[in-house]
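Trainee: The primary structure of each chain is shown beneath.
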Amino acid sequence: RKEVEQDPGPFNVPEGATVAFNCTYSNSASQSFFWYRQDCRKEPKLLMSVYSSGNEDGRFTAQLNRASQYISLLIRDSKLSDSATYLCVVNRGTGNQFYFGTGTSLTVIP
Amino acid sequence: EAQVTQNPRYLITVTGKKLTVTCSQNMNHEYMSWYRQDPGLGLRQIYYSMNVEVTDKGDVPEGYKVSRKEKRNFPLILESPSPNQTSLYFCATSWGSEQYFGPGTRLTVT
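Protein sequences appear in the order of chains A and B.
Here the first sequence stands for residues 2 to 111, numbered as in the numbering used here.
Here the second sequence stands for residues 19 to 128, numbered as in the numbering used here.
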């Protein structure tokens with residue numbers, strides 16, 4: 002079983018729509034959770050960390066459910082510039098390995 | 019400017035010809051790692067290093083070597099490249115849990 006699993010999409014949504022991505026992880030010992038964004042042929046960049054209480058950064062909201070080993074990312078009021086691949090990332094602890102999901106592709110359509 | 023640099027950015031080589039991809043960071047981070055990214059498989063960790071002279075295998079270390087003789091540099095060595103090592107390679111450094119990626123090296127082995 003993969004460490005991290007994501008629906009690859011693609012998600013094609015109109016501007017202004019709300020879209021949600023989900024991710025599951027297999028190892029209950031995982032401690033840190035992140036969403037990264039990757040534009041085509043570019044390096045991944047941190048979008049946001051995911052905290053147990055949930056956290057919000059502008060139009061982006063991340064949630065963590067440890068009982069179900071499930072992470073989500075909600076994007077409200079989608080912009081054309083949100084088009085990218087979103088990577089779910091899990092870490093078992095500082096200094097240990099990072100595990101990446103295969104990514105979910107989002108295209109925001111005018 | 020804080021940055022992670024990789025060289026070369028693009029490389030086409032032949033089977034069996036030893037090569038080194040360099041990675042350098044100016045952020046004084048202790049943790050560095052190498053990933054490869056392949057379609058449908060996402061980013062997979064090859065090796066990581068928690069500090070100078072400390073390296074550990076990631077998920078896909080076969081066919082690769084690394085060294086960490088100084089904090090800023092973490093070269094990836096392919097002693098005898100094979101076509102299945104054709105991939106997009108990223109170097110990353112980490113402060114706490116956030117990772118900063120280099121721009122990537124696209125390697126083709128014929």
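No wet-lab data here; the hints were simulated from the structure.
The beta carbon of each residue, even a glycine, is placed where N, CA and C say it ideally should be.
Accuracy of the hints is not assured; some may be wrong.
Computed cross-link-like contacts, DSSO-like style, restricted to lysine-lysine with a CA-CA straight-line distance of at most 30 Å [claimed, not checked]: (1) B:K75 / B:K36; (2) B:K75 / B:K89; (3) B:K89 / A:K80; (4) A:K43 / A:K80; (5) B:K87 / B:K36; (6) A:K43 / B:K75; (7) A:K3 / A:K46; (8) B:K87 / A:K80; (9) B:K75 / B:K35; (10) B:K83 / A:K43; (11) B:K89 / A:K46; (12) A:K80 / B:K75; (13) B:K83 / A:K80; (14) B:K89 / B:K36; (15) B:K87 / B:K35; (16) B:K75 / A:K46; (17) B:K87 / A:K43; (18) B:K36 / A:K80; (19) B:K36 / A:K43; (20) B:K35 / A:K80; (21) B:K83 / B:K36.
Computed spacing ranges between beta-carbons, pair by pair [unchecked claim]: (22) B:E48 / A:N56: 35 to 43 Å; (23) B:G114 / A:P15: 20 to 28 Å; (24) B:T128 / A:G59: 44 to 52 Å; (25) A:A18 / B:S98: 44 to 52 Å; (26) A:C41 / B:N91: 38 to 46 Å.
Trainee: Does each hint hold? Answer for all of them.
Mentor: Outcome of the hint check:
This hinted pair checks out: K75 of chain B and K36 of chain B have alpha carbons roughly 20 Å apart, not beyond 30 Å. With a C-alpha separation of about 18 Å, the suggested pairing of K75 of chain B with K89 of chain B holds against the 30 Å cut-off. The suggested pairing of K89 of chain B with K80 of chain A is violated, with an alpha-carbon distance near 40 Å, which exceeds 30 Å. Among the hinted pairs, K43 of chain A with K80 of chain A is consistent with the structure: their alpha-carbon atoms are about 19 Å apart, no more than 30 Å.
With a CA separation close to 20 Å, the supplied pair K87 of chain B and K36 of chain B stays within the 30 Å bound. Between K43 of chain A and K75 of chain B the alpha-carbon distance is near 25 Å, which keeps this suggested pair within the 30 Å criterion. Distance hint between K3 of chain A and K46 of chain A is fulfilled; the C-alpha atoms sit about 22 Å from each other, no more than 30 Å. Only pairs whose Cα atoms come within 30 Å are accepted, and K87 of chain B paired with K80 of chain A is rejected, the gap being roughly 45 Å.
For the hint linking K75 of chain B to K35 of chain B, the alpha-carbon distance of about 23 Å falls within 30 Å, and the restraint holds. Note on K83 of chain B and K43 of chain A: the hinted pairing holds, with a Cα-Cα distance of about 24 Å set against a maximum of 30 Å. The hinted pair formed by K89 of chain B and K46 of chain A meets the criterion: a straight-line CA distance of about 22 Å does not exceed 30 Å. For the given pair, K80 of chain A sits about 39 Å from K75 of chain B by alpha-carbon distance, which is inconsistent with the 30 Å threshold.
A C-alpha spacing of about 42 Å is found between K83 of chain B and K80 of chain A, which places the hinted pair above 30 Å, so the restraint is violated. Taking the CA atoms of K89 of chain B and K36 of chain B, the gap is about 24 Å. The hint holds against a cut of 30 Å. Between K87 of chain B and K35 of chain B the CA atoms are separated by roughly 24 Å; this keeps the pair inside 30 Å, and the hint holds. For a cut-off of 30 Å, the pair hint linking K75 of chain B to K46 of chain A stands: about 23 Å separates their Cα positions.
Restraint check for K87 of chain B and K43 of chain A: satisfied, since their Cα atoms lie roughly 28 Å apart, inside the 30 Å limit. The suggested pairing of K36 of chain B with K80 of chain A is violated, with an alpha-carbon distance near 45 Å, which exceeds 30 Å. The hinted pair formed by K36 of chain B and K43 of chain A meets the criterion: a straight-line CA distance of about 26 Å does not exceed 30 Å. Straight-line distance between C-alpha atoms of K35 of chain B and K80 of chain A comes to about 46 Å, which puts the hinted pair past the 30 Å bound.
Between the alpha carbons of K83 of chain B and K36 of chain B the distance comes to roughly 11 Å, so the proposed pair stays at or under 30 Å and holds. The given range of 35 to 43 Å is broken by E48 of chain B and N56 of chain A, whose C-beta atoms sit roughly 26 Å from each other. For the pair G114 of chain B and P15 of chain A, the beta carbons lie near 37 Å from each other, so the given range of 20 to 28 Å is not met. Evaluation of the 44 to 52 Å hint for T128 of chain B and G59 of chain A yields a pass: the beta carbon distance comes to about 46 Å.
For the pair A18 of chain A and S98 of chain B, the beta carbons lie near 50 Å from each other, so the given range of 44 to 52 Å is met. One distance hint, 38 to 46 Å for the beta-carbon pair C41 of chain A and N91 of chain B, is violated here, with the actual separation near 29 Å.
Violated hints for the displayed structure, listed by number in ascending order: 3, 8, 12, 13, 18, 20, 22, 23, 26.
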